[in-house]
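Go by the hints and put chain B onto chain A.
Listed below are the residues making up each chain.
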Amino acid sequence: MSDRVDVLVNGQHRAVPRGATLLALIQSLELDPRAVVVEHNRAIVRRPELDRVTVAPGDAIELVHFVGGG
Amino acid sequence: MTSVVATGHETPLTIGGRAFHSRLMVGTGKYRDNETMVRAIEASGAEIVTVAVRRVDLDRTKEGGILAHLDPQKYFLLANTAGCYTADDAVRYARLAREAGFNEFIKLEVIGDQETLLPDVQGLLAAAVTLVRDGFQVLAYTNEDLVTALRLADAGCAAVMPLASPIGSGLGLVNPYGVRTIKRRLTVPVVVDAGVGTASDACLTMEQGVDGILMNTALAAARDPTMMAHAMRLAVEAGRAAYLAGRMPRREVAVPSSPREGMLD
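The listed protein sequences correspond, in order, to chains A and B. Under our numbering, the first residue of the first sequence is numbered 1, with each subsequent residue one higher. Under our numbering, the first residue of the second sequence is numbered 1001, with each subsequent residue one higher.
In case anyone wonders, no lab produced these hints; they're calculated from the structure. Be aware that a few hints might be false.
Unchecked claim - Which residues of chain B face chain A? A partial, calculated answer using Cβ under 7 Å: (1) 1100; (2) 1103; (3) 1216.
As the list claims (entries may be wrong) - Which stretches of chain A does chain B cover? Using the computed rule of at least three CB atoms under 8 Å from a CB of chain B, they are: (4) 6-16; (5) 36-42; (6) 61-70.
Note that CB positions come from ideal geometry on N, CA and C, so glycine has one too.
Pulled out of the complex, with its shape left as it was, chain B reads as follows:
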């Protein structure tokens, strides 16, 4: 095996038959302005960038579509079904997103609770089955429950995306064991989606062995989104490299790093 150090990068992350070199995926929501967003995305090094499907504002009082600011030749657009509370709604949004003509990938969200934005796993599974049958590459946002993750993989999802903590919370990785277990048991890529707050969260998440991280608010709500995007890029790479390197065993007692021998009388 050629080492990460020797090559400068490792094998690409393949999702739904497409290879990606960045393991950091970023959202495009909640930036204070589009210029800030564009600079942050650039600094993140992300290839996969998520977007939402919404009504065109007929009164033009608000900003127009995101594609005026984001080059679809440069970034891989991953549409989401954010805001959908039923499987039927999520399928409807996914089909509209696909009709935009960029790709067959969909980040599937079926939300079950307004306060926590935790997924409705029944609706999620139902929508996943329909969309996979419909030819979509489904990346399913889910919780850290192993059995749900297994069912999503069985349904043919291209990737399973357990949360680190609730969307927009910035609480970091609250259940490393759960995420690690999902990664260990699934053969499809596992990309942690939501909850990462700062670079150490991203690094710790990648150290669990997951294939990537998707984040939005951690960048958009940072005081300096571009600087945070840079930090996240390094953290994701560092966490990945540390995982591949294999950490030393934990010990409850000290072991000296310098020789015991050769001390002066």
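With the rest of the complex left out, here is chain A:
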């Protein structure tokens, strides 16, 4: 069994360590967890929960923030 699993992050395939938490994933992308909002398989994951949710193969994760707009 591979020690990495394939997940979709913002529509891109990413291999992440098996059993990684969402927090670890965000940190591995060098993002500030306070500056992103996280959706995991279409469900919002609140910041305090990020280190309690682990990713599984095929999971879809969206990391969003505010950008310029009208």
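Okay, now just chain B, sitting in the frame of chain A:
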């Protein structure tokens, strides 16, 4: 009633239980750079500033988030659901925006047509109902149709935002009658959103009696966005004051301003 002239400002605009002193709201899209945006927003005097929800760029090839440039302590961030074509998408974006933790306000857009970016009123109403039930203060971008505006107000929207003309068009206020009618019939604030191109458009729009204007491209696409922001600030204040002052009646014939009496033989 204390006059606007005496106090220098009038009663605040209250939306969803929050009071705002500026009736000009501005977007943050399409500026040539962030420094220009920050200077223009400052010059506009706006308190409410809109932002969009998008994916973080994992490759960092593009600019990062807007909050690196905009102080959320200084401005009231109004997230939008721009780019959403269904009620479900708009609700999804609104919930993500709220999770950012600033406020419960959402500028709801459900677009129905790519060319005109006119709203899908069915989707808009459905999303408004869901979001109001979910505790949001919904500011709904809509067209100048009275019945849609009434339904949005009935659904519990905190404000209704009819367009002046299509988003980014700069065509100005194409249907003053429609906007005026919406303002007359609704009790919730009416804020005109989209289509204002220059200061006279903003002034004319405010003269209809609406509670405020939200604009983005008119500033971002001006040759000098800061100067235009200044002009818009004055225009919104001028239009508001003119509305409150009550204009003279229109006449088809001249009436002299100087006395007819006392003329020389």
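Here is how each hint holds up against the structure:
no.: 1; hint: 1100; verdict: holds (5 Å)
no.: 2; hint: 1103; verdict: violated (12 Å)
no.: 3; hint: 1216; verdict: holds (3 Å)
no.: 4; hint: 6-16; verdict: holds (count 4)
no.: 5; hint: 36-42; verdict: holds (count 4)
no.: 6; hint: 61-70; verdict: holds (count 9)
Comparing the model with each numbered hint stated earlier shows that hint 2 is the single one that does not hold.
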